[in-house]
Every structure is written in structure tokens, then in C-alpha cells.
Amino acid sequence: MIPEFLGRLHPLVLHIPIGVYVLIFILQYPMRRLRDRDDILHSVLIIGALSAVAAAGLGWLLSLEGDHAGDTLEWHRWLGVAFAVSSVLLAVIHLFAAKGKIPRNAYHTAFFINLTLMTLAGHNGGNLTHGEGYLLPSFTQQDVSKEVPVDSSALFHSIVMPVLERKCVTCHEAGKTKGGLRMDGYARLLKGGKHGPIFVAGDPMNSEMIRRIHLPIDDEKHMPPAKKPQLTAAETALLHWWVLNGASATMRLPADAASNDTLNPFIKVDAAIMDPLTVMDTLPSVAMPDSTVLRSLKTAGWSVRPIAQGSALLDLSAVNMSALSDKDLDALIPITANILWLDLSGMPITDASMSVVARCKNMRRLSLKGTRVGTEGIRKIVGLTSLQQLNLVNTSADDAVLPLLGNLPALDRIYAWQTLITPSAAEQFRQQSPRIRLETGFNVKP
Amino acid sequence: MNDLMKMLHVKGRRDFLRGSVLGLGGLALDLMTGCKSDASKKAVVAAMAEEVNRPLVNPHFMPRAKRVIYLFQGGGPSQMELFDYKPKLYEMHGQEIPPSVIGKNRISGMVSNQYSFPLAMPSATFAQYGANGTWLSEHIPHTASIIDDICLVRSMFTEQINHEPAVIFTQTGNQLSGRPCIGSWLSYGLGSLNENLPSFIVMLSKGGGDQPISSAAWSNGFLPSHHQGVQFMSTSDPVPFLNNPAGIDRMDRRRALDYIKQLDRLQNETWHDPEVESQINQHEMAYRMQMAIPSITDLSDEPQHILDMYGEDVLKPGTFAHNCIIARRLAERDVRFVQLYHLGWDHHGGLQGGIRRATKQTDQASAALVKDLKQRGLLDDTLVVWGGEFGRTSFCQGKLTPESFGRDHHPGAYSMWMAGGGTKAGLVYGETDDFAHNVVKDKVHVHDFQATLLHLMGIDHEKFTYKEQGRRYRLTDVSGHVNHALLA
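Chains as they are written, first to last, in our numbering: chain A, 71 to 516; chain B, 3 to 490.
Please note: incorrect hints may appear among the correct ones.
[Unchecked claim] From chain B, some residues computed to sit far from chain A (all C-beta separations above 10 Å):
id : residue
1  : 97
2  : 102
3  : 400
4  : 479
[What the hints assert, rightly or not] Covered, in the sense of this in silico footprint (three residues per stretch, anywhere, with C-beta under 8 Å from a C-beta of chain A), are these stretches of chain B:
id : segment
5  : 55-64
6  : 375-382
Note that these hints are calculated values from the structure, not bench results.
We put the CB at the ideal spot given by N, CA and C, even for glycine.
Put together the whole structure using the sequences plus the hints.
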């Protein structure tokens, strides 16, 4: 009982010698404040020595608890003892040096040896509690790119083991076999901990490992222990799934892994359809629009919205405006590159306004529905190589616009209901440009 | 009365707590930042309070749809009489439905005391339509004419078997009322495109059925109340009191509103209640709607051939056809979410007549809406949804006679369709068994549908949350997957 309690004071007490010797170092060298103060130095060195001995002694008691085992612990144990001894020696050497019986340099040498021992013991102790590589995570743990290609080898090695490595192995490996359990490898996982096997293949509910990761975080049996990096929901689900499906080391990724919600987060799939954000990547990249321009457009009544959060591309619409003159469109000139969708429906603008519209090189959707733009205006925008949809409903566009539009490389839809385009010209256009869908409305006979 | 007593009188417990917390936070901030000016302190406190619940404003990713028109068919349209052709039912008419098919499925209290469950032959003949030769019922010739433009899902299923909870479940993702509905979520999340009109409008058709619908279906739940669906009345004056009373002109209105707004703001300095802001918003919206609504509801500029498209009822306010054409006009003005409710699909008995009546009221206008949006170039970014809260049983409810029979509620399988807004045109998705009783392929849960709808609007349904009473809520609750197969 009492040794156990004392042992647990080790993490507290060990910081005293560290503080003491670091303080001496600073006062002694950079600050040069201890030159003629051997009396003070002497007292401080005695405090240091006593605390070092205490820390080592308590540490010894703690090691008897047996939570840790392995090389790291042994090293830490004996480095700690060495440090305690050297601390005592240091105080003695100083006593002699102060009296002039031995050269001063002997003291300085001993001081550095002591500092080095302290550092080594401390570092080892740190590794013991926090795990190897805790100090320099970014150098020693490779930056985990968690996604693997679907066709890659065994599921355990490609996606399960990396999760264990990230979240469990630091405490369950050689040198730090908490609970008598090592998780650095399938065979060791199979062997289990001090209470035996930690999983039952196919039966997650009776698997200690799965039970523990599902415990509430404040349960002392919860794994990884609170305050340590926790499993994400997806990782928890993955471990559960793996045990449920046989906990095998050789099982391969199922063919439908991409549509399996548990596995999906860990694999690389043909992302274009899965992830709308990658669709964003195919959008042109342009500089952010000038916010003062946007503000003045808004004051003028434009509805201005980024196409998505953080996007520089704009969805611009005149839906809230009652009137707009050709001249007013000049306000768009500073941001033409940012316009992806432009809706000018119902505005009394004419062919002249199209010279500004023609500058919107990245534009994909344009609605001129119900405007006064006609064929002459359309002639100006045949350079819009990104344009995909053009709405000419209720304009005076006539048969002459169709040949102009046939060559727009990205265009796939033209809405031309209620225009002057004749059915025969429309039909001819559909023959010649099957790529482009020309909508001319419905023939309303039931 | 001292100030403290006054506070206790005017505030509820929660308001008091909220006020005190903000106050304490303010004190703490004062100490932490040492900021002196009252205004900047308020700004920081406000920012802190706001941080938890912030509307998205802009979608997470590029949306495919900018608006939604949801043609809700309340009562539970029978999938067997409309979209899901089951020849087996004609063969086995009058025979018991195999127990293996019923399985452990829930049946409602209305038939649970029935001794026998004879299968009933659909009261419809079917034919093939469209490029894929999709089987559809004679009752929906107009929908059949747009089959290549719609995405028909035959494999919907839900968790609820009674109307109210099932409707609420479809609209809010939870069977109990109190959560925000889809339209409110979108209004809150993305806001309005047209500043003169509410972003979420609800229209009920009259003359449908007797099954009532509760306004919980268009409730804002815990979201600020100006995101509640604004209901248009089924009368020639859909929004009452549009005209100023005699002797009051628009300037008077404006001045009055400005004063009221000042008073509201003053109050809110002590109350910190978002509902006061909602109130101000609603006043302003009402003021702007006075101008905008008449141009929506006045159909005199619609040419005859367009009116004809929607059917003979189109000029009668309150009919489904009328509401459909209004919905189109609202979509043209960029209203985010227009929700129609048509009731009258609850055919527990007299199904033959009932299904004819319901389809006659809805088929032509539904199809006309899709066509009309399409020819105006609006279907690409307007999602049209057609569907109810559940399906119906393939076995008969009550007595099976040649003249009359009925079908009971059935949550296990039903059909709905979507058009435009980035859905895959011409797709027929999912399969049910020979009795349209269980989904056997490509199940779509209500939450999946909701997740997909939000996805089309550019929203990640898992990241779109609102924190209330200590927990974050989302439309799809804790489940739901975007169904990529339904997307174009």
C-alpha cells in the first residue's frame, strides 16, 4: 500500500532535481551569478542531490508495480540510479573544489556529466510514459496517409495495422508492454495480454479489445486511455468490422470496399463521383474577387454568392433587380473571371451589353431569358469556351444564332423556347450538333 | 421594483440563465482582454454566442440544385396502382399473401384484427413508356409522358406506419414533431435568393382528402422562427392583408415599421433573444411581400396554352394545379423551397374511385410543372420531388369485393420520383418483391433521400448541424447516406 503510494509520487518528485540542475546551469553559465557564491551553490547542490536520490528511490518503488517491462524500463532504472549517485558525487566534488583541494574544472566536468545523465534518464522516462517517438512525432512516425488503393494486398496490413500503430502500439510494444499486451504485429495480437486473448474472431461483443474501445471514455478500462489520442468513429468501426469478419491477417479487401461505409474512409476510390469537393478541383482557379467590388455590386442590387464556401467563383444573379441598363453591366468588368453562373433573366438589356458578358471566360451558365438580346448580341459571345448552358427563352434570337452556337466547345444545352427559331432550323441543328441539346419547348396537345 | 426583480418578472428561467451566462462571459472577457469599450465587448460576446450555430450561408460544395419544389402526396399513394407493376397480383387475386412475404413487417392497428389478408389485384392496367419501356399505370398518363425526365425510385422505405409521424419523419427526419423540416433547414442554411419573398413557402391543396396535415410538417423546430414555412392560403388572396387599410399609405407603413424596429432592438439589448430578430425579419419580409406577392399570384400574363398544360383546375385557387403553376412562378423568382401538400391518397376503402380522383387532381399538373420548368431552362437547377409518407399494402384491407376494396398503410416499400436538380433523368431505381411488399434491391431509406436532397443543394448532411439543448441536430438524425446512383 504505502510503497505503492510512494511510488506514484515519482512523476512528481522527479521534476525537482531537473528544476534544480537547470537552474544552477542557468545561474552558473549564461548569467554568471554564482562565481563567488560557493556557499549558496553548496546548499543548492545538496538539495539537488537529495531530490535526485528521492526521485530514484521512488522510481524504484514504482517499477515494482510491473506495469512496464522491457529494455526501456531497465535503462531508465539504471540511468536513474546513476544520476542519483552522480548528484551526490557532484556535491562532494564541489565541496573539495571550493576548498581548493582539487581543480575547479573537475567540478565543471562533473556537473556536465551529471546533467547528461539527468537528460538521458529523463528522456527514457518520457518514452516510458508517453511512448517512443513521442518527442519527435513528425520525424519518427511517418505522416500517415490513411488511404490505400482498393486493390492493395491484405486488409489487415493495409488498413487495420496502421490504425493500431497510430493509436495503440505506443503503449503495447516491446519496452512498454502495458497490460502484458503487445500489439506490434499480428502474431503478438493473437497472443493477447495478461488476461489472455484480446479478441474472438467473428465475435466482437466478446472481444476484450473491442469491448474496451467501446467503453465510455471516462471508464478506466477504456482504450486508448483518456487524454491519449483517441480512435475516431471510423477507426472504431473498422476494428469492430475486422473482428466481426474473422480478424484474419490474410483477408483481402472486399471488392465492394468502396461502397462499404466502414471501409470506405480508409481506401482510395475513384474519387471524382464520390466526392463533390474533387469536382470543385476541376473548376478553374481564379484569384479571390475584390471584396469592395462585391460590396458595391450588392448595393446595386445584384445577388452575389460564392459558388461554395471559400470559392472564388461566383453565382451572380439579377433576380432582385427591377431594372438594369447595358451600362450597369460595366460594374462586372473587375470580376468577369470569377463569374461561373450569370442570370440576367428579365432585364431590359440589349445586344450592346454582351461585350461585357463576352469577357466572362470561365462562365458555364448564362441566362438571357426575357432580355432584349438578339442574334447580334449572341454573335459577341461565341468566344465563351467554357459555356455549358445558354438560356435564350423569350428572346428575339432567330435561326441565325444556331450556327454561331454549334461551335462552342463546352456547350451542351440551349434553351430556345419562345424565340424566333423555326422548327426546321431547330431540327437541322439537332442533326448537325447532336452533342448539344436544344430545348424548344413542348407541343401542348394532350 | 429593483432591477433584479424586474428581470425575474420579465424573463423565463432559460432567458435568465442565458443572460447571466453571457454576463459572466462578458466579465471574464473583460478580465482576459482588458478591453474597455462597451461596443467591442458586446461584439466579442455576440461572436462567442453565435459561434455554435452559424448558418452555412454558402453551400459546402458546388450545388447542382438551387431550389426545390416538393410535391408532397399525403396519405400514402399506392405504389401498386401507380409505379410498381406487379403481374403476380393479378394472378393471385383473392389468395392469401404468403406469410413469408409479410414476415415480421409491421401492420397497422387497422388490419391487425383482420383474419385473412387476401391479395388485391391493382385497380389499374399498365403499359410501357419511355426510352426504357418503364411500366406505368393508366392512371398517370401525363407522368408517363415525362418518364424520361424523371428519376423513379421504387425502393423507398420508412420507419413509420401512421400518417402524422410518417409525414413528420419524412419532413424532419424524426417521427416526433419539434425538429425543423427540410425547407426550414434549407432556409436557415442557405438563406434566401430573392429578398422580397420568403425562402420557404407552403401551399396546401384543398379538396384532397379528409386526413388532416399538421403545421408541424413545415415547422422551423428550434431554428429561428422566420425559417418556418410561410403558408399561402388556398383562396384567391393567398396572403391576407396585402393591401394597406384605407387611409394608410406605404410611407406610413414604413415609418411605423421603423419605429417598431427601433423598439424591438432596444428591447433586445437586454433580452438577447434571437426571436426578436426573427420578429424584425418577419415584419420586413411582410412589408416587401406586399409588393412582390401580387405579381406572383396574378396569372393574367400566362398564355392559354400554358394554362391548358396544367389542366382545367389551374385557375381555381387552392387546387393542386393552381399551386403547381404558382410553384413554377416562385421558382422563376428563385424561391428556395416550395412545398406543396396534396392530401387524398389514403385509400383504406373505395380505392378504385379514390385513386382515379387523386390522380386526376395531380397527374397532369405534376407533369406540366416538370415540362414547364424544363422548357424555361429551370429544371437543371430546380429539384422536383413527388412522393408521400409511405406506401400501401398489396393485400386488401376490409372486404375484397369486385366493386370495392382498400389498402392499408405500408412503410416497407413505396415509390417516389424526383426530376431535375441534378438527379439522373430516366432512371428507374430499386426493386420490390412480387408483391411490392418488401424492397429486394437498392433500398432507399427516408434519411438517404434527405441526405441526397441536401447533397444536391451542395450540403454535406453530416456537417450541417444546429446545436440545441446541448446536442447537435441534423436533418438526417444519425443516419442517412447520399445515394450516388440517383445523381446525374
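Against the structure, the hints come out as follows:
Its beta-carbon lying about 38 Å from the closest one in chain A, residue 97/B satisfies the requirement of being farther than 10 Å from that chain. Every CB of chain A lies more than 10 Å from the CB of residue 102/B, the least distance being 27 Å, so the non-interface label holds. The claim that residue 400/B is not at the interface with chain A holds, since no C-beta of that chain comes within 10 Å of its own (minimum 35 Å). A cut-off of 10 Å between C-beta atoms confirms that residue 479/B is not in contact with chain A; the least separation is 15 Å.
Counting residues of the segment 55-64 of chain B whose beta carbon lies closer than 8 Å to any beta carbon of chain A gives 7, which reaches the threshold of three, so the coverage claim holds. Given as covered by chain A, the segment 375-382 of chain B passes the check, having 5 residues with a CB less than 8 Å from a CB of that chain where 3 are the minimum.
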